[in-house]
Amino acid sequence: MRRFTEGSGGRPTPAVPAELLTLMDKLAGPPDVWDRPDGDFGPLSDLYELDIEARQEANSLYRIGSKALSRDELSTAADLLGSAAAAGHPGALFRLALVALRSGKDWIDNAWFLVAEAARHGHGDAQRLLTAPASCRPSPAGSAPLIEDTSFFEEVRLLLGVALPLIEPTPPGASPAPGQRPDTPDICHATDTDSPTAASGPALVPPTRHGPVPPPDHTPNRKRAHLTALAGGLPLSVPDM
Numbered sequence: 001m002r003r004f005t006e007g008s009g010g011r012p013t014p015a016v017p018a019e020l021l022t023l024m025d026k027l028a029g030p031p032d033v034w035d036r037p038d039g040d041f042g043p044l045s046d047l048y049e050l051d052i053e054a055r056q057e058a059n060s061l062y063r064i065g066s067k068a069l070s071r072d073e074l075s076t077a078a079d080l081l082g083s084a085a086a087a088g089h090p091g092a093l094f095r096l097a098l099v100a101l102r103s104g105k106d107w108i109d110n111a112w113f114l115v116a117e118a119a120r121h122g123h124g125d126a127q128r129l130l131t132a133p134a135s136c137r138p139s140p141a142g143s144a145p146l147i148e149d150t151s152f153f154e155e156v157r158l159l160l161g162v163a164l165p166l167i168e169p170t171p172p173g174a175s176p177a178p179g180q181r182p183d184t185p186d187i188c189h190a191t192d193t194d195s196p197t198a199a200s201g202p203a204l205v206p207p208t209r210h211g212p213v214p215p216p217d218h219t220p221n222r223k224r225a226h227l228t229a230l231a232g233g234l235p236l237s238v239p240d241m
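Per full-length UniProt numbering, the very first residue in the sequence shown carries number 1; after that it's consecutive.
Bear in mind the hints are in silico, worked out from the structure with no lab data behind them. Among the hints, a few may not be true.
Between beta-carbon pairs, the in silico distance windows are [as the list claims (entries may be wrong)]:
#1 G104 with P17: 45 to 55 Å
#2 D106 with P17: 19 to 29 Å
#3 D38 with D106: 21 to 31 Å
#4 I52 with G104: 20 to 30 Å
#5 G104 with E49: 27 to 37 Å
#6 E154 with D35: 27 to 37 Å
#7 D106 with I52: 34 to 44 Å
#8 K67 with P145: 21 to 31 Å
#9 D72 with P17: 33 to 43 Å
Backbone N, C-alpha and C define an ideal beta-carbon position, used for all residues, glycine too.
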């Protein structure tokens with residue numbers, strides 16, 4: 001099948017096969033929950049009093065900063081993600097926590113602060129990390145909770161030393177819970193002695209910030225102390241929160 005497009009001089013251009021489009025989607029990976037081109041950054045968006053253009057620019061900085069983080073370019077990632085975080089971008093706050101963690105173990109408290117801010121802004125992964133139990137224990141059978149940041153959640157979790165609850169396997173012969181695949185694996189890797197990640201590198205620091213997720217704070221003009229730089233002098237442009 002061929003189609004005509006404007007600007008082609010009337011020449012037909014080949015249509016992209018559906019199989020190729022499907023393969024391209026798979027290679028691209030799952031969509032980023034916090035890639036918000038429309039500038040909708042969750043429950044606290046209105047507190048920042050930014051117009052749609054400013055929020056869209058913040059989302060672009062989040063995307064570019066995330067690419068820098070993937071390449072371990074911490075200085076660039078800190079600058080770009082910090083600017084996006086200053087606009088109230090929950091995804092940027094969460095990934096900025098990973099910048100802090102990669103900067104050295106001395107920055108774990110700052111990483112926890114950024115995780116708490118991401119949770120306050122509505123980031124589901126950050127909320128899970130704050131409410132995770134201190135030790136791994138089975139939870140009722142059911143489907144695994146949705147991971148919002150599929151690119152960096154596991155690294156953040158491991159570097160913070162958080163062990164999430166197991167998903168209890170379905171007994172043989174029993175029907176799986178609604179929404180759960182029969183072959184859903186158990187997940188709890190932070191304390192696995194057989195895990196290559198746990199066996200190598202520095203010891204994981206157990207989390208000390210368990211408790212209820214901090215509720216959104218709508219107090220006008222409220223200022224919060226915040227991180228301004230990371231190890232090596234990496235500046236951060238995080239908001240006055």
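Hints versus structure:
Here the CB-CB span from G104 to P17 is close to 48 Å, well matched to the stated 45 to 55 Å. In this structure the hint that D106 and P17 lie 19 to 29 Å apart at CB is violated, the actual value being about 52 Å. Take D38 and D106: their Cβ atoms lie about 38 Å apart, and the range 21 to 31 Å is violated. Taking 20 to 30 Å as the suggested C-beta distance range, the pair I52 and G104 does not conform, at roughly 38 Å.
G104 and E49 have their C-beta atoms about 35 Å apart, which keeps the hinted 27 to 37 Å range intact. Between E154 and D35 the Cβ separation comes to about 19 Å, which falls outside the hinted range of 27 to 37 Å. Separation of D106 from I52 is about 39 Å and conforms to the stated range, judged on CB atoms against 34 to 44 Å. Judged by the Cβ atoms, the range 21 to 31 Å given for K67 and P145 holds: they are separated by roughly 27 Å.
A C-beta distance of roughly 36 Å is found between D72 and P17, which places it inside the suggested range of 33 to 43 Å.
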